[in-house]
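A.B. asks: Sequence:
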Amino acid sequence: MVWRIQIHGSVEQLTEEVITAFPALLNEVPATQYKDPQDLLGVLIRSRFIERFLEFWGFITVNPKRFADGKPIAIKTNIQPLLKQTFAFDI
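Here this note's numbering is used: the first residue of the sequence shown is 7, the next is one more, and so on.
Hints may contain errors.
[Unchecked claim] Straight-line distance between alpha carbons at most 27 Å, and here's what the computed DSSO-like set of lysine-lysine pairs gives: (1) 71 / 82; (2) 41 / 71; (3) 90 / 41; (4) 90 / 77; (5) 41 / 77.
Source of the hints: derived by calculation from the structure; they are not laboratory data.
All chains should be modelled from the sequences, with the hints used to inform the complete structure.
C.D. replies: This is the structure in structure tokens:
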């Protein structure tokens, strides 16, 4: 997930890629009357991986603005130099 976020910096794309790679995860996330499992998995990835890990340790920054004119906006991460210095991937 760190490599993926380094490549494109999009939280929504990361969520789609996790769902594609691990479709069984959707069976573990309960559906509610307000959100479907895909949205809840996205919230879990954002809160636990992006905000509580990467943002907390200063690897990335995320604009806290989530809505513009009442419409949700895409969450784009700003990759900090510390992330590239700490996690270097060679393919």
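A.B. asks: Confirm or reject each hint.
C.D. replies: The hints, checked one at a time:
For the given pair, residue 71 sits about 10 Å from residue 82 by alpha-carbon distance, which is consistent with the 27 Å threshold. For a cut-off of 27 Å, the pair hint linking residue 41 to residue 71 stands: about 20 Å separates their Cα positions. The hinted pair formed by residue 90 and residue 41 fails the criterion: a straight-line CA distance of about 34 Å is larger than 27 Å. For the proposed pair residue 90 and residue 77, the alpha carbon gap of about 32 Å is over 27 Å, so the pair is violated.
Among the hinted pairs, residue 41 with residue 77 is consistent with the structure: their alpha-carbon atoms are about 16 Å apart, no more than 27 Å.
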